[in-house]
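Participant: Mind docking chains B, C and D on chain A? Use the hints.
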Amino acid sequence: MLFYKAWIETRVRFLAGLVAAAVVCIFYLEQHAWLVSMWAADLQNPHGYHMKWMPLGIHEYGWYLWHYLYDNYLQQVWALFAILFAFGGLIRERNGGTVLFSLGLPVSRRRWLFTRLLVALLESIGLSLFAVLVIAVGSAAIHETFSLSQVLLHTALMVAAGVFVIAFGNLCYTLFPGNYLSLILTLTLLGAPYLWLQTYMQHMRYLGRTPWIGYLDFAHTMAGPWQITWTTTPWMALLVAWTLTAFLLMATVAHGDRLDY
Amino acid sequence: MEIVLTTNSSHPHRFFATGSISICWKAWRESRGRFFSALVLLASFVVYAVITSPGFLSRYNTRFPDKTLLYSVYVWTGLFHYALQGLWVLGAFIVALGGLAREKTTGVALFTLGLPVARRNLFLIRAWVAWAEAVAFGLASAVLIPVLSAFVGESYPFFQALAFGASMTAAGLVVVAFGLFLSEIFEGEFTSPVAGLCTLTAIFLGYRAHTLRGWNVFDVMSATTSIDPKTQLLTGGFHWFGLTICFLISVVLLGATHAVIQARDF
Amino acid sequence: MAAVIETIELKKNYGNHEAVRGLNLSVNAGSVCAFLGQNGAGKSSTIKMLLGMIHPTSGGGSIFGHRIDEERESLLIRQKVAFVAEDKRLYDYMSVGQIIHFTRSFFPKWNHALETQLLERFELPPERKIRQLSKGMRTKLALLLGFARGCELLILDEPTEGLDPVAIEDVLQIVVSLAAQGTTVFFSSHQIAEVEQVADHVLMIDHGQLVLNASMYEVQEEYRQIQAVFTDPVEERDLRLPGVERVKIEGHIASFVASRNVDSIVEHVRMLRAGNIDVLPISLKEIFLEKVRARS
Amino acid sequence: MFRKPNPSSGVPIYVQLKEQVRHAIETEALKAGDQLPGIRSLAETLVINPNTVIRVYRELEQEGVLEIRHGIGVFVISRRRSRSRAEEMRDAQHLVHEFVDTLKKQGLAEGEIRRLFEAELAGEIQRR
Numbered sequence: 002m003l004f005y006k007a008w009i010e011t012r013v014r015f016l017a018g019l020v021a022a023a024v025v026c027i028f029y030l031e032q033h034a035w036l037v038s039m040w041a042a043d044l045q046n047p048h049g050y051h052m053k054w055m056p057l058g059i060h061e062y063g064w065y066l067w068h069y070l071y072d073n074y075l076q077q078v079w080a081l082f083a084i085l086f087a088f089g090g091l092i093r094e095r096n097g098g099t100v101l102f103s104l105g106l107p108v109s110r111r112r113w114l115f116t117r118l119l120v121a122l123l124e125s126i127g128l129s130l131f132a133v134l135v136i137a138v139g140s141a142a143i144h145e146t147f148s149l150s151q152v153l154l155h156t157a158l159m160v161a162a163g164v165f166v167i168a169f170g171n172l173c174y175t176l177f178p179g180n181y182l183s184l185i186l187t188l189t190l191l192g193a194p195y196l197w198l199q200t201y202m203q204h205m206r207y208l209g210r211t212p213w214i215g216y217l218d219f220a221h222t223m224a225g226p227w228q229i230t231w232t233t234t235p236w237m238a239l240l241v242a243w244t245l246t247a248f249l250l251m252a253t254v255a256h257g258d259r260l261d262y
Numbered sequence: 004m005e006i007v008l009t010t011n012s013s014h015p016h017r018f019f020a021t022g023s024i025s026i027c028w029k030a031w032r033e034s035r036g037r038f039f040s041a042l043v044l045l046a047s048f049v050v051y052a053v054i055t056s057p058g059f060l061s062r063y064n065t066r067f068p069d070k071t072l073l074y075s076v077y078v079w080t081g082l083f084h085y086a087l088q089g090l091w092v093l094g095a096f097i098v099a100l101g102g103l104a105r106e107k108t109t110g111v112a113l114f115t116l117g118l119p120v121a122r123r124n125l126f127l128i129r130a131w132v133a134w135a136e137a138v139a140f141g142l143a144s145a146v147l148i149p150v151l152s153a154f155v156g157e158s159y160p161f162f163q164a165l166a167f168g169a170s171m172t173a174a175g176l177v178v179v180a181f182g183l184f185l186s187e188i189f190e191g192e193f194t195s196p197v198a199g200l201c202t203l204t205a206i207f208l209g210y211r212a213h214t215l216r217g218w219n220v221f222d223v224m225s226a227t228t229s230i231d232p233k234t235q236l237l238t239g240g241f242h243w244f245g246l247t248i249c250f251l252i253s254v255v256l257l258g259a260t261h262a263v264i265q266a267r268d269f
Numbered sequence: 270m271a272a273v274i275e276t277i278e279l280k281k282n283y284g285n286h287e288a289v290r291g292l293n294l295s296v297n298a299g300s301v302c303a304f305l306g307q308n309g310a311g312k313s314s315t316i317k318m319l320l321g322m323i324h325p326t327s328g329g330g331s332i333f334g335h336r337i338d339e340e341r342e343s344l345l346i347r348q349k350v351a352f353v354a355e356d357k358r359l360y361d362y363m364s365v366g367q368i369i370h371f372t373r374s375f376f377p378k379w380n381h382a383l384e385t386q387l388l389e390r391f392e393l394p395p396e397r398k399i400r401q402l403s404k405g406m407r408t409k410l411a412l413l414l415g416f417a418r419g420c421e422l423l424i425l426d427e428p429t430e431g432l433d434p435v436a437i438e439d440v441l442q443i444v445v446s447l448a449a450q451g452t453t454v455f456f457s458s459h460q461i462a463e464v465e466q467v468a469d470h471v472l473m474i475d476h477g478q479l480v481l482n483a484s485m486y487e488v489q490e491e492y493r494q495i496q497a498v499f500t501d502p503v504e505e506r507d508l509r510l511p512g513v514e515r516v517k518i519e520g521h522i523a524s525f526v527a528s529r530n531v532d533s534i535v536e537h538v539r540m541l542r543a544g545n546i547d548v549l550p551i552s553l554k555e556i557f558l559e560k561v562r563a564r565s
Numbered sequence: 003m004f005r006k007p008n009p010s011s012g013v014p015i016y017v018q019l020k021e022q023v024r025h026a027i028e029t030e031a032l033k034a035g036d037q038l039p040g041i042r043s044l045a046e047t048l049v050i051n052p053n054t055v056i057r058v059y060r061e062l063e064q065e066g067v068l069e070i071r072h073g074i075g076v077f078v079i080s081r082r083r084s085r086s087r088a089e090e091m092r093d094a095q096h097l098v099h100e101f102v103d104t105l106k107k108q109g110l111a112e113g114e115i116r117r118l119f120e121a122e123l124a125g126e127i128q129r130r
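Chains as they are written, first to last, in the numbering used here: chain A, 2 to 262; chain B, 4 to 269; chain C, 270 to 565; chain D, 3 to 130.
Any given hint could turn out to be false.
[To be verified] Example chain B residues on the side facing chain A (calculated, C-beta under 7 Å, incomplete):
id, residue
1, 36
2, 37
3, 173
4, 206
The set of hints was computed from the structure by calculation and includes no laboratory data. No residue lacks a Cβ here, since even glycine has one placed at the ideal position from N, Cα and C.
Isolated chain A, as found in the complex (with noise of 0.2 Å):
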């Protein structure tokens, strides 16, 4: 039944996340055409640039599905949306007034809050899945064909690393509640890091030297490598997400306990 009241809670943001991801998958396959030629006639002439990667983009589909969805833009629509799936809980109810009803039940706070998390796991992993359905539609569409297996993958590892984003969410919600406070510091104090890391490393990465701080490049750990193979997944990356996820985890909890009503 607590799933029950978590799923409607949410379900609007739900049904705004699937237009969202839809948008950003649809938008960058209806460019793919307009940008190839646009690389292959910078190729051509001698002025123009001459980045590295733009035969891999020309070429290889699966090189641009991964490069502009999931090592850029639908990685981002998709943490906000996993923060904002996050968002809620007994605090929300507080302002709501139901807060006192809620707790009135035989329903210990953790259980309330795993029930948030989960459902917000749920709807994120239906996100991401969704996505996987458009591209293969919209490839379908404009004649590509991409290796499924690839997209999974990058997909399990998206939501595998993305787990840190949802406590992350949820622990910013419960320190500052309402009032969208938490959205813009949440976006703040999350997007912040997220793109001056991955803009750091991937000067570093340029300049071949990967120093310890990649591991919380999070951007890149979500991606992963653009073939990903049982050794090429970056399984540190993973593990220093899950443990600063557990981390998280305790704290809200430990908040959540301590909190009075």
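Facilitator: Only chains B, C and D this time, still in chain A's reference frame:
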């Protein structure tokens, strides 16, 4: 315990003045947290952009020697036309949220509506405070650029930064009005932010990738039409036409929101 | 009769405001115990502490033997206790039928007969959204969700607040019939008439401290209002007798509120050459006003 | 048969209920041997605390008005005793009539007589 009834309504207009000041304070009090976090977000981004600019510029120029990148071009394309503008849009939108629809769910709308303040004033004051906050953190971060550039050994004309900031926040009224509009239609705590963020990011990114190449509000905000293509600094001529269009759209949006509030029953 | 609810030196501070100051109360099984107090006297804080919603600053308590400040045991408490909060708001997005179905899934001993009976007596339309219910209807729904849980202990925080007289009579009748079947009821209220009608034990709290803990029998049998007219003026000091709660002297007339051994007080007053002595019964309301006004 | 007691009348509910039961017996609404309603049902109909009903039944049992047979119910004591009760009431009324006349002859107004009686009665309730 005797209760003494005192009714001195000698200065009715004074009540109006203090009334709207307290509504102002209430609007500020509600969005204060979001204002400061938006300010910090924008300021820290400007600091990051300016401090890493020398390294970036030198790297860029070594790789593409024939296309040297001017500092002013870097500032405009990187900040005013892309990242800073995007963050400002995000901040302005979130600051504009809240309002009577939101209060309805927390059950406090009846109290606010019980006050002797017309719904029109409640909304207009909140709109004005939201826009003032957006202008404040927009200008603050814009002005920060020339100040920090001195430290990094670059120079950026103070007046230019101020003009770009003013143009961004002035045309940005559309974004604030859009935020106000969404937050008054949807009661849910997350429906308006989610809907707003999705549409804004979709337009913002869509505009980048040539589908919406034509005129749109972001060009007006970054004053694309009145800058010198080479140095990307303002060339005096001010893009009045674009600004008036933006104000018109904002007025339409504010009018629509006002109508929604008047019609809504609490 | 085992005590169902027990608190030992229960304290709660909000910052430097002491909401509850060392409360020792006990409620016996099968009794209908009323919890009277002004607004802000600490009633809701105490009730929320009993159910683990607020963590006590110090001291503790137990319900059915389970400690209230222990998260795991508080869960066991909430399986045996039906609670109806002071804030009667429920999930707006659910309908009446949905929320009943939702709550029923947590309580194996859910009383379906009582549920249908109350649904029709309170005239609650099952498919209407809670958002569209009036305050009174929402209160009736919250009470239904509490009564139908089939629990041994019922804790109600101002149950009849905002209800029409017909609904109040229904609620009191349900409380009385549940009490007659052995359910213990602990309810806070401002309606002293209701308390006198339904309760058999009274607890009065003021500024976080217990000022009265007596059964309704004691209150009606032992509490008396004594008025004596003295020929020559008398000092308040020598009227400070054991059992006298409060003395008020206006010129020749002294009025006492006595809580016990009224006979010895009357004898003593007669010895002080009092002229006319009247001994009158005192209503719960006057006791409440005396207790609260004396301390404020 | 019984009216709901008035909680805000200042007179305790158990006193009101006792008077109602006595009145029902005196007006012979309840004849000897009749069974009174059960504790739970009376509590529910009058919407009062079950312990109050128990207390009224016990006190009336001590006064010899009712008889509680455990497990079966509560019954009015047999007719013989209650008839003499009615006669006692008539004699008492006669006595009061004469007494009031003598007080009036001494010049007391009706109000004063009534207050004297109430004070005496109140004092009498307290002494028992």
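Participant: At a threshold of 7 Å, is the proposed contact between residue 37/B and chain A supported by beta-carbon distances?
Facilitator: holds, 5 Å
Participant: Do the numbers back the hint for residue 173/B, that is, is its least Cβ distance to chain A under 7 Å?
Facilitator: The hint is violated - residue 173/B has no Cβ within 7 Å of chain A, the shortest such distance being about 22 Å.
Participant: Should the hint that residue 36/B touches chain A count as held when the rule is a Cβ pair under 7 Å?
Facilitator: Check passed: Cβ of residue 36/B comes within 4 Å of chain A, closer than 7 Å.
Participant: Hint check: is the beta carbon of residue 206/B less than 7 Å from a beta carbon of chain A?
Facilitator: violated, 11 Å
Consistency with the previously given hints fails for numbers 3, 4, ordered from lowest to highest.
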